[in-house]
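A.B. asks: Note that the protein sequences, when read in sequence, are chains H and Y. Under the UniProt record's numbering, think of the first position of the first sequence as 1, with each following residue one higher. Under the UniProt record's numbering, think of the first position of the second sequence as 1, with each following residue one higher.
Certain hints may be false.
Unchecked claim - A few chain H residues that face chain Y, going by a derived Cβ cut-off under 8 Å, partial list only:
| hint | residue |
| --- | --- |
| 1 | Glu3 |
| 2 | Thr229 |
| 3 | Trp275 |
If you are wondering where the hints come from, they were derived from the structure by calculation, not from laboratory data. Since the structure is predicted, the reported quantities are computational estimates derived from the model, not experimental observations. The beta-carbon is built from N, C-alpha and C at its ideal position, and this holds for glycine as well.
Protein chains: 2
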Amino acid sequence: MTEGLPMAFPAEGLPARVRIHEVGPRDGLQNEQTVVPAEVKAEFIRRLAGAGLRTIEATSFVHPKWVPQLADAERLFPAVSDLADREGDAAVRLPVLVPNERGLDRALALGAREIAVFGSATESFARANLNRTVDEALAMFEPVVARAKEAGAGVRGYLSMCFGDPWEGPVPVEQVVGVCRRLIDLGCDELSLGDTIGVATPGHVTALLTALNEAGIPTGRLAVHFHDTYGQALANTLAALRHGVTTVDSSAGGLGGCPYAKSATGNLATEDLVWMLHGLGIDTGVDLGRLTATSVWMAGRLGRPSPSRTVRALAPRATAPAQDSPASHKEQ
Amino acid sequence: MTEGLPMAFPAEGLPARVRIHEVGPRDGLQNEQTVVPAEVKAEFIRRLAGAGLRTIEATSFVHPKWVPQLADAERLFPAVSDLADREGDAAVRLPVLVPNERGLDRALALGAREIAVFGSATESFARANLNRTVDEALAMFEPVVARAKEAGAGVRGYLSMCFGDPWEGPVPVEQVVGVCRRLIDLGCDELSLGDTIGVATPGHVTALLTALNEAGIPTGRLAVHFHDTYGQALANTLAALRHGVTTVDSSAGGLGGCPYAKSATGNLATEDLVWMLHGLGIDTGVDLGRLTATSVWMAGRLGRPSPSRTVRALAPRATAPAQDSPASHKEQ
Chain H
1 MTEGLPMAFP AEGLPARVRI HEVGPRDGLQ NEQTVVPAEV KAEFIRRLAG
51 AGLRTIEATS FVHPKWVPQL ADAERLFPAV SDLADREGDA AVRLPVLVPN
101 ERGLDRALAL GAREIAVFGS ATESFARANL NRTVDEALAM FEPVVARAKE
151 AGAGVRGYLS MCFGDPWEGP VPVEQVVGVC RRLIDLGCDE LSLGDTIGVA
201 TPGHVTALLT ALNEAGIPTG RLAVHFHDTY GQALANTLAA LRHGVTTVDS
251 SAGGLGGCPY AKSATGNLAT EDLVWMLHGL GIDTGVDLGR LTATSVWMAG
301 RLGRPSPSRT VRALAPRATA PAQDSPASHK EQ
Chain Y
1 MTEGLPMAFP AEGLPARVRI HEVGPRDGLQ NEQTVVPAEV KAEFIRRLAG
51 AGLRTIEATS FVHPKWVPQL ADAERLFPAV SDLADREGDA AVRLPVLVPN
101 ERGLDRALAL GAREIAVFGS ATESFARANL NRTVDEALAM FEPVVARAKE
151 AGAGVRGYLS MCFGDPWEGP VPVEQVVGVC RRLIDLGCDE LSLGDTIGVA
201 TPGHVTALLT ALNEAGIPTG RLAVHFHDTY GQALANTLAA LRHGVTTVDS
251 SAGGLGGCPY AKSATGNLAT EDLVWMLHGL GIDTGVDLGR LTATSVWMAG
301 RLGRPSPSRT VRALAPRATA PAQDSPASHK EQ
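Given only the sequences and the hints, what does the whole structure look like? Please build it.
C.D. replies: Laid out in structure tokens, this is it:
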């Protein structure tokens with residue numbers, strides 16, 4: 001019996017509203033074994049929008065050879081881009097990843113209004129993920145960010161390995177701050193701080209956010225992107241909220257991870273995040289029942305259960321139709 | 001590469017040390033399908049002590065018919081009770097559950113020095129778990145607590161369903177405070193606040209702890225017992241630490257749950273807890289590598305992987321011998 005749960009107990013010093021940056025269709029599906037057809041991805045994005053999500057990372061314009069799962073970007077994006085044209089609160093932001101100018105050209109040609117570049121706080125991961133040094137990656141992003149801004153597009157900078165690295169171990173805070181500063185100087189509107197291997201703990205999160213503020217980067221331009229490899233993602237999110245962060249990345253049903261990072265076992269599940277936020281009385285605009293039903297549906301397409309604890313707990317009732325069915329009106 | 005991880009970043013306002021109340025051998029195994037032989041349980045407890053845990057709930061003196069998994073209490077307890085006789089910091093507290101005077105007699109006869117009674121904040125669960133009303137359960141505990149205290153034994157009072165109930169839904173804070181007050185008045189030294197179905201969120205935790213303080217129950221007498229059904233256990237623990245709680249219940253490898261509570265999917269894993277606490281610079285006395293190796297060993301006995309995320313992340317290296325093996329000195 002979960003009606004009325006979680007009970008809402010607002011806590012002092014937390015934001016009234018959080019923007020969830022949903023990464024399931026891109027970061028999540030990118031790391032699934034099953035190749036999902038473009039029409040199923042489009043349906044997934046529409047269902048996520050129907051559940052109230054208003055920022056949904058749609059796809060990635062990397063070279064199709066790099067990430068076969070996302071090779072259908074040219075088919076997928078036009079199939080959902082009308083969501084961005086909706087009026088007012090119904091409009092859905094649909095950011096897409098672009099690694100270079102070629103990717104930017106493809107994204108802009110399809111009408112993308114927000115893009116994201118993806119850097120690394122460590123040399124090891126820059127090499128593994130982009131086959132470049134950190135400096136070379138930033139040099140590659142420079143014209144991408146400049147031209148995106150000229151075209152009026154918003155730019156997010158992802159930064160991986162902000163807390164630990166699978167090859168280098170601990171990552172010093174000042175090293176992360178240095179790369180963040182350079183991404184901001186390139187013109188990124190927002191930075192997403194990635195704990196790609198999930199090793200962060202709440203005090204580390206607070207220390208990094210504080211150091212970024214001291215380097216002149218305001219909290220309003222920072223988002224957090226936690227992985228649940230060691231079960232820490234939600235506790236880390238709580239620390240970030242206490243610091244004033246209001247944009248949190250998560251993946252519906254906990255889809256995804258990172259194929260190039262050893263032992264990365266998946267993003268924070270959007271449902272687990274929403275359970276906590278609603279319990280804290282924080283507005284997200286999300287209908288948890290519809291979101292859970294969407295993840296149950298997607299898990300069915302992938303042929304395996306959702307790794308989200310909340311989805312598994314709520315799944316027995318989430319298999320009911322996402323929309324009112326005639327049966328539910330029988331008693332009226 | 002996890003050497004040096006998690007990095008320790010102490011956060012303001014948190015305790016310097018936390019006592020982990022390990023419930024794996026009792027609460028964990030009680031809810032496993034596989035009946036574990038007494039000698040394996042004793043070995044489990046010794047390995048947990050070897051990993052640095054100093055409070056290990058050993059077993060339960062309920063009627064053997066109620067919980068067949070714990071019907072070997074008379075054989076198990078004497079097989080580990082020497083751990084309580086160790087000197088100084090090496091001494092291990094070995095609390096045991098007792099539901100009634102008959103159970104108390106059995107526990108005291110074997111030399112138990114700490115017992116726990118287990119009440120419910122809700123009528124529905126009191127009926128399901130003890131076949132009694134809340135009042136009748138408290139009346140049953142009254143002579144148990146009084147006689148335990150006379151015998152010089154410490155008494156913990158467990159309270160289930162402190163945040164939500166599978167039949168009743170939301171549980172009002174004042175209802176929980178009322179039952180806590182009565183358990184303290186009976187003479188319980190410590191109360192363990194159970195989120196048996198895992199629905200709590202951090203603000204709810206803070207609200208309950210604050211209300212208990214206002215009712216005259218100091219934080220020093222309160223422990224928290226969170227379940228990870230909705231992935232909230234560690235975030236809730238963080239809220240409790242911020243409130244000053246220094247005793248946290250958890251289960252090695254995330255063993256257990258509650259067979260009488262719908263959708264209860266397991267206790268907070270001790271390893272996930274230790275990862276966070278060590279990351280916060282909080283002393284636990286626990287060697288995470290040895291603890292993980294213990295949970296991997298126990299999972300092998302149970303024939304299934306550990307549900308702890310930290311255990312799964314660290315398992316590839318935890319399958320190495322817990323102690324130095326001759327092979328590891330080959331290069332010397």
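A.B. asks: Each hint should be assessed against the structure and marked as holding or not.
C.D. replies: Checked hints:
no., hint, in the structure
1, Glu3, "holds, 6 Å"
2, Thr229, "holds, 5 Å"
3, Trp275, "holds, 5 Å"
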